[in-house]
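There are 10 protein chains.
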Amino acid sequence: MTTDRRTLLETFENSFPGRDYEIRIRCPEFTSVCPKTGQPDFGVLQFDYVADRLCIELKSLKLYLQSFRNAGIFYENVTNAILDDFVAVVAPRRVVLTAEFSPRGGISSTIVARHERQA
Amino acid sequence: MTTDRRTLLETFENSFPGRDYEIRIRCPEFTSVCPKTGQPDFGVLQFDYVADRLCIELKSLKLYLQSFRNAGIFYENVTNAILDDFVAVVAPRRVVLTAEFSPRGGISSTIVARHERQA
Amino acid sequence: MTTDRRTLLETFENSFPGRDYEIRIRCPEFTSVCPKTGQPDFGVLQFDYVADRLCIELKSLKLYLQSFRNAGIFYENVTNAILDDFVAVVAPRRVVLTAEFSPRGGISSTIVARHERQA
Amino acid sequence: MTTDRRTLLETFENSFPGRDYEIRIRCPEFTSVCPKTGQPDFGVLQFDYVADRLCIELKSLKLYLQSFRNAGIFYENVTNAILDDFVAVVAPRRVVLTAEFSPRGGISSTIVARHERQA
Amino acid sequence: MTTDRRTLLETFENSFPGRDYEIRIRCPEFTSVCPKTGQPDFGVLQFDYVADRLCIELKSLKLYLQSFRNAGIFYENVTNAILDDFVAVVAPRRVVLTAEFSPRGGISSTIVARHERQA
Amino acid sequence: MTTDRRTLLETFENSFPGRDYEIRIRCPEFTSVCPKTGQPDFGVLQFDYVADRLCIELKSLKLYLQSFRNAGIFYENVTNAILDDFVAVVAPRRVVLTAEFSPRGGISSTIVARHERQA
Amino acid sequence: MTTDRRTLLETFENSFPGRDYEIRIRCPEFTSVCPKTGQPDFGVLQFDYVADRLCIELKSLKLYLQSFRNAGIFYENVTNAILDDFVAVVAPRRVVLTAEFSPRGGISSTIVARHERQA
Amino acid sequence: MTTDRRTLLETFENSFPGRDYEIRIRCPEFTSVCPKTGQPDFGVLQFDYVADRLCIELKSLKLYLQSFRNAGIFYENVTNAILDDFVAVVAPRRVVLTAEFSPRGGISSTIVARHERQA
Amino acid sequence: MTTDRRTLLETFENSFPGRDYEIRIRCPEFTSVCPKTGQPDFGVLQFDYVADRLCIELKSLKLYLQSFRNAGIFYENVTNAILDDFVAVVAPRRVVLTAEFSPRGGISSTIVARHERQA
Amino acid sequence: MTTDRRTLLETFENSFPGRDYEIRIRCPEFTSVCPKTGQPDFGVLQFDYVADRLCIELKSLKLYLQSFRNAGIFYENVTNAILDDFVAVVAPRRVVLTAEFSPRGGISSTIVARHERQA
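Residue numbers (this note's numbering), protein chains in the order written: chain A, 14 to 132; chain B, 14 to 132; chain C, 14 to 132; chain D, 14 to 132; chain E, 14 to 132; chain F, 14 to 132; chain G, 14 to 132; chain H, 14 to 132; chain I, 14 to 132; chain J, 14 to 132.
Bear in mind the hints are in silico, worked out from the structure with no lab data behind them.
Source: prediction; values computed, not measured.
Check each hint, because a few of them may be wrong.
[As the list claims (entries may be wrong)] As a list, the in silico DSSO-like pairs of lysine-lysine whose alpha-carbon atoms are at most 27 angstroms apart:
#1 D:72 - B:75
#2 J:75 - F:75
#3 B:49 - C:49
Based on the sequences and whatever the hints tell you, model everything.
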């Protein structure tokens with residue numbers, strides 16, 4: 014399923030590949046649906062990555078994230094699946110994805126997943 | 014005593030066991046009773062863990078924490094006992110439990126306990 | 014039901030009845046139970062009142078509020094019932110009770126009820 | 014169109030109609046779609062009302078607001094339409110609806126609409 | 014001079030003219046140039062208005078405000094001139110424009126201008 | 014008792030008696046003793062007054078407030094007694110004294126007393 | 014003494030005298046000297062005024078306020094004297110001067126003086 | 014002198030000595046007297062310790078800290094003396110004591126002292 | 014292109030070259046233009062550097078940054094280009110440039126680039 | 014020049030030289046004069062040091078810092094000069110001086126210098 018979504022992600026060439034620099038992208042408007050209750054979930058997603066040859070194009074990232082709007086998927090899974098897509102398309106030197114979800118039943122969750130390219 | 018409570022905790026399978034990722038769960042509505050004064054205590058509990066094969070199911074965690082509502086137990090003990098139950102049921106790679114309790118007599122307490130699985 | 018609880022409230026004599034002065038009491042540790050779901054509710058109660066002949070005794074107010082710990086009662090009703098008890102026992106010149114409840118299902122509620130003595 | 018949605022709203026009887034008290038309901042998870050761009054909008058809705066014979070049931074309000082999730086509607090219109098539905102179903106003595114929308118193009122909007130029952 | 018700029022502002026019809034409701038628009042990215050020093054000024058502009066027959070179209074407002082980017086104009090004058098343009102095009106029932114400018118020489122300024130339509 | 018303390022308060026002549034201007038004095042280091050429990054109380058006192066012929070001298074106010082350090086006195090009484098002393102010595106046109114006390118048993122209190130000179 | 018200082022204040026013509034609009038000027042870097050102790054005082058001065066025919070020129074205001082840097086003068090007096098100078102030079106329709114001084118001996122003071130032109 | 018005070022501190026047995034866990038105790042109501050000026054000092058004390066066989070009993074800690082209320086002692090000395098007493102009675106694996114004192118003469122001080130048990 | 018801009022940067026001699034000390038310069042008023050949309054971008058730039066023989070002159074840095082006001086350039090490129098210019102002119106022992114850009118389409122970006130002189 | 018100033022700094026003996034403990038002193042009221050423009054500068058100075066045999070006496074530090082009130086000196090130089098004086102008089106085991114200066118021309122600077130005693 015996420016394979017199709019992945020095609021929404023576009024990149025542009027990193028003009029400064031000789032330098033290890035960090036890009037932080039904060040997306041406070043993520044929403045998906047809980048597969049158990051059918052209720053909407055809301056979260057803030059943050060990507061911290063070091064580009065290699067490619068940078069993520071922001072508008073395509075926005076559209077990619079919007080494709081989850083009516084998808085039913087658990088917190089842990091959506092975070093890891095998005096990280097997998099990001100790694101597959103952008104191939105960063107390293108990336109951390111932090112997903113903070115709004116409280117449900119008085120309890121709030123944050124998932125932090127990371128990927129580092131093998132040398 | 015905590016052995017019975019432990020059965021309230023439920024888990025689901027970790028879909029991404031190949032990746033070390035962190036799950037933070039913040040529970041600001043914990044309440045128990047001071048065994049000395051009989052007065053209610055209030056606290057914020059936060060779990061930071063790395064799942065191995067299992068993830069904690071959030072609703073079951075909520076019900077488990079509610080089971081302390083009328084239990085008489087000291088700060089230090091309740092924090093360590095909850096950590097023990099969590100470790101016994103979820104068997105995480107590592108976990109930190111932080112419990113911040115509301116001020117009593119102008120003094121407030123925070124307990125931080127952690128567990129790391131032996132290699 | 015609240016008639017019995019009412020006996021928990023104690024007062025002391027206002028030493029400055031010749032002056033209209035305000036007393037604000039903030040109680041951030043209120044908890045009761047939702048009668049529909051059986052789940053605990055949490056709230057912050059604030060009394061703003063002008064004493065006439067009597068002031069509320071704080072420790073008795075604390076014990077009175079604790080008597081709701083395991084009672085099943087709706088937000089609107091608990092706020093108005095507590096105001097009625099306060100008015101019946103303290104007979105203030107005027108009082109405002111503000112009750113802010115923790116979010117449930119992503120929605121949070123605040124109830125504000127007031128009473129003014131007829132001249 | 015909003016006539017159908019309106020049937021989602023449920024009420025319960027106000028147990029304290031003899032007192033003018035205020036109910037504030039804050040819904041930080043509202044989302045709809047911009048009819049011009051097709052892009053999702055996000056907002057925080059707050060109702061401040063004085064009940065007459067009826068109070069709004071919170072879960073039904075949540076489901077009612079969720080029905081806008083994929084609807085295309087402008088800020089000004091959605092705010093006024095929701096106020097109209099609320100007034101039609103709850104018939105409050107008075108109500109203020111405040112809708113704060115997330116920034117778009119560096120500009121953020123808040124709409125405040127109110128209704129007072131004719132004496 | 015501002016007459017030309019004024020043509021950048023576009024409106025759409027107010028769908029709820031029977032109700033006096035408030036629209037707040039916050040624009041934190043205003044910049045112009047100090048006519049004395051040639052240095053850029055930065056400010057946050059906020060419009061609070063009650064629409065009559067017309068509402069301001071947000072994208073046109075953004076482009077209108079951007080037209081000041083390289084214009085040399087004093088704080089007091091730019092605030093009043095923008096208010097005049099807004100009133101001429103939107104003809105609101107009433108409007109308040111608040112312009113908070115960034116500190117210069119350790120001193121920061123805020124200008125608040127308002128207009129109310131004659132009955 | 015407070016009569017003696019009162020002699021600690023010193024004043025200086027108001028140089029601008031022709032203008033009604035406000036003086037706010039904030040004293041975050043007030044402490045006294047609870048007469049019931051013997052435990053220390055802590056509070057923030059704020060005076061908002063309009064001087065007539067006299068202004069309070071700040072150092073004398075500090076020493077006056079320090080004289081309560083080991084005195085046993087209730088919240089409501091200490092606030093009103095200090096207001097009485099202030100009025101007796103400074104004879105302001107009007108004064109408001111706000112006393113915010115630190116939480117005890119999870120409950121915090123604020124007392125607001127005011128005095129206006131009869132015309 | 015302040016008569017000389019007054020000549021430092023410069024004005025420019027108000028281009029919108031037909032409108033009552035407010036100008037707020039915040040000066041967080043005011044410093045003078047305590048005449049009693051010789052110690053420096055620090056404060057934040059804020060002017061809120063409605064111009065008539067003249068507006069204050071900001072750079073001249075800065076230089077005027079700097080002229081107090083080594084002057085020995087009490088809080089109440091410096092606030093009222095500055096207000097007098099401002100009124101004499103700018104002749105505003107109305108003005109409020111708020112001066113918040115840094116804590117001394119654990120006590121902080123704020124002086125608020127205002128002037129309204131007689132009709 | 015502090016030897017006598019030390020007897021006020023009481024302990025209870027650590028039920029989880031097999032685990033290195035941290036206890037943070039925050040005491041915002043510390044007050045003593047400056048030995049030079051006779052003026053009261055105010056501070057916030059925070060203990061961060063890892064218990065060995067004993068935990069500090071909170072009420073006894075409160076009474077111990079209150080014993081400094083009328084004692085004349087410098088910031089650096091009171092912090093180190095309290096740490097010495099704590100170490101002597103509780104014998105923790107390690108402890109950090111942070112003491113933040115309120116500003117005097119526009120200057121505020123924080124003292125951080127630590128002790129680690131020799132292996 | 015940036016080569017010309019570079020000549021705007023001026024330096025002065027570091028008077029304490031024998032000590033490794035850090036200089037942080039925060040510039041909250043950076044603005045450039047998006048090369049794709051032609052819309053203005055806004056950002057906060059922060060330089061953290063350790064000077065070697067030269068320090069950056071602040072006024073020249075301000076003018077240099079203003080030269081981007083009407084330049085069309087992407088986030089990643091502008092950050093790296095500014096770092097290159099800074100390194101070329103100031104030759105610091107090390108420098109980190111952090112650029113936080115305002116949200117666009119609900120997404121905000123921060124770029125962090127660093128340079129360390131080879132030993 | 015700073016040699017004379019240095020004599021203003023006084024010390025007292027460290028009573029706990031056997032322990033490495035940190036002393037933080039925060040001075041938010043530093044002011045000097047820009048040698049280029051003649052305009053006053055304002056800053057917050059913070060000393061973090063570990064005493065050896067001597068501690069700095071706070072009142073003498075205050076008077077020392079006040080001696081810069083009318084001195085013309087650059088940010089980088091004043092920070093390093095003060096650090097040199099501190100080290101010469103107090104001879105601490107280590108010390109960090111952080112100086113945050115108020116914004117000028119929309120740009121604010123912070124200087125961090127440190128000194129460690131050679132073993």
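Tested hints:
no.: 1; hint: D:72 - B:75; in the structure: holds, 20 angstroms
no.: 2; hint: J:75 - F:75; in the structure: holds, 22 angstroms
no.: 3; hint: B:49 - C:49; in the structure: violated, 33 angstroms
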